[in-house]
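Work the whole structure out from these sequences, hints included.
In the order they appear, the protein sequences are chains L and B. Using the working numbering, the letters of the first sequence correspond one by one to residues 1 to 283. Using the working numbering, the letters of the second sequence correspond one by one to residues 1 to 259.
The hints are simulated quantities; they were obtained by calculation from the structure and are not laboratory data. Do not rely on the hints blindly, as some may be mistaken.
[What the hints assert, rightly or not] Some, not all, of what chain L presents toward chain B, calculated at C-beta under 7 Å:
#1 Val-19
#2 Ala-21
#3 Thr-22
#4 Glu-169
#5 Met-170
#6 Glu-172
#7 Ala-173
#8 Ser-176
#9 Leu-177
#10 Ala-179
#11 Glu-183
#12 Arg-190
Even glycine gets a Cβ: it sits at the ideal position worked out from N, Cα and C.
Each chain, letter by letter, is given below.
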Amino acid sequence: MKKLKSKYIEEYVMRGLMVLATILVLLFVASIIWTIFSKGVKSLSWDLVTKLPGKDWNTAEDGGFLNAILGSLMIVLPAAVIGACVSIPVVFYMTMYKRRASRLSYIARLAYDILFGIPSIVYGAFAFTIMVLVGMRASVMGGILVTTLLIIPIMIRSGDEIAKTVPDEMVEAAYSLGATKWETLKVVLRQILPGMVTAFLLAVGKAIGDAASVMFTAGFSDQLATSLSDPSATLPLAIFNWITMPDPFPDRAYAAALVLTIIVLLLSLTSRIITRRITKNNL
Amino acid sequence: MEDNNMKSVPLIVENLNLSIEGNQILKNVNLTFPNNKITCIVGPSGCGKSTLLKTLNRLHETTDYLEVDGRVLLDGKDIITARDTDLIELRRRIGLVPQKPCPLPMSIYENVAYGCRIHGLHRRKKEMSRTVEKYLTEVGLWDEVKDRLHAPANRLSLGQQQRLCLARSLAIEPDFILADEATSALDPVSSKTIENLFVKLKEKYSIIMVTHTLPQALRIADYAVFLYIGEVIETGDAKQMFNNPKEELTRKYLQGVFS
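See below:
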């Protein structure tokens, strides 16, 4: 009897700890979102998101930060597309053609793990070194380059985990019907598409919010970039600047943070809708 | 198309040796699978039954560190060494019903149509619909699903899914059907349905099944293969082998001395 009781206590305590941890995390998230929304909404205005910075943007609340919004999108969207074009074939090659235990897959996975763990500032510094070598200035191009580098390992690593969830039976079923590897792959893709989209979004979400990587590579500008070789502002860097200025504008930083959060939210919602469409329809 | 039962296409295994990571799984297997019969491969767990079945349509390739040597001949063509282009046709002629039902991630209709599509059969829509109906009827699923052909296949019950997998294999008109413990994941009623289907289907197809349940083998097998630690111990007419085995090992296995 006594043993039974202590078992119950153990169960109780452990469950309590799990609940506590969950609540703590939720509180964190809630307080971050609350801070961004409550402070951001107050200072967010139509002008802020539709106008370029005014002449006196660094000393007064002059103009908006359209340059940073467009700059971020201009850098992250191409980077996401290029990143997906590189990562998806890698994921499929590792899971379909080099199933599980080949040495190449092993080395590749190790490499992507390492890349995954490298801080974004290191990517920034690395890309910057290359840019100096080839005589490239801080520009949209440089931003796209570093962001692509940042996105690829995240997409591959999470895509790989998702691809592992495909049951062997499904692959065997397709093969036994006489499907080629490529045809089998298309079947597998239907199965893992929702997961892949999530992986993709995680990567894009991380990339769009990263200031350190674009700091040297995309530079900063109060103008709208009109070509790939122009420097460009980005939302995270704009936030960073407004907070670290000698005369900071925290309200504007919060407004920019809010815009950034909304962009990520919108991206996530649209792709969810798109995936649902695709998986509903037949081949 | 309709003359499947007229054809006699032998499936022959010759000197098949197979090892995974240096462990020999199959030792010098020689077999001829008869046409239009249900062949049951029986034997204790881990004796290589499933592996043998997999080599018959070269699915062993998905396993790492596997070495195989020998020949599996369908209609005189070797499956083990076939070029990829020939392999597609050879695999089409050998259908598979898996242990765990696994519908493809598409609708019920598309699951049956999929095989035809990749082989470019029945390009016309009407023809395809007729084919899908024919094979769903053949496995006794048509009445249950005809109103929801375009619903995702994974919403079916396990028993229905397994019949769908069977219909999917039949739709590309194979000569042989491989079944790897095809009823082990199913409830008794669904299991019985599949069993009865096999008995009905052997008129047109040749069925090779691996089973763990001896009573099932006793009920439906025409021809039996007893495998023990990768070696073929005895083959022959099922009734005869089960009632009066020639080998001591077979007798012991059937009496339940080991399993």
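Do the hints match the structure? See the list:
no., hint, in the structure
1, Val-19, "violated (33 Å)"
2, Ala-21, "violated (34 Å)"
3, Thr-22, "violated (30 Å)"
4, Glu-169, "holds (4 Å)"
5, Met-170, "holds (5 Å)"
6, Glu-172, "holds (5 Å)"
7, Ala-173, "holds (5 Å)"
8, Ser-176, "holds (4 Å)"
9, Leu-177, "holds (4 Å)"
10, Ala-179, "holds (5 Å)"
11, Glu-183, "holds (5 Å)"
12, Arg-190, "holds (4 Å)"
In terms of the numbered hints stated before, the structure departs from hints 1, 2, 3, listed from lowest to highest.
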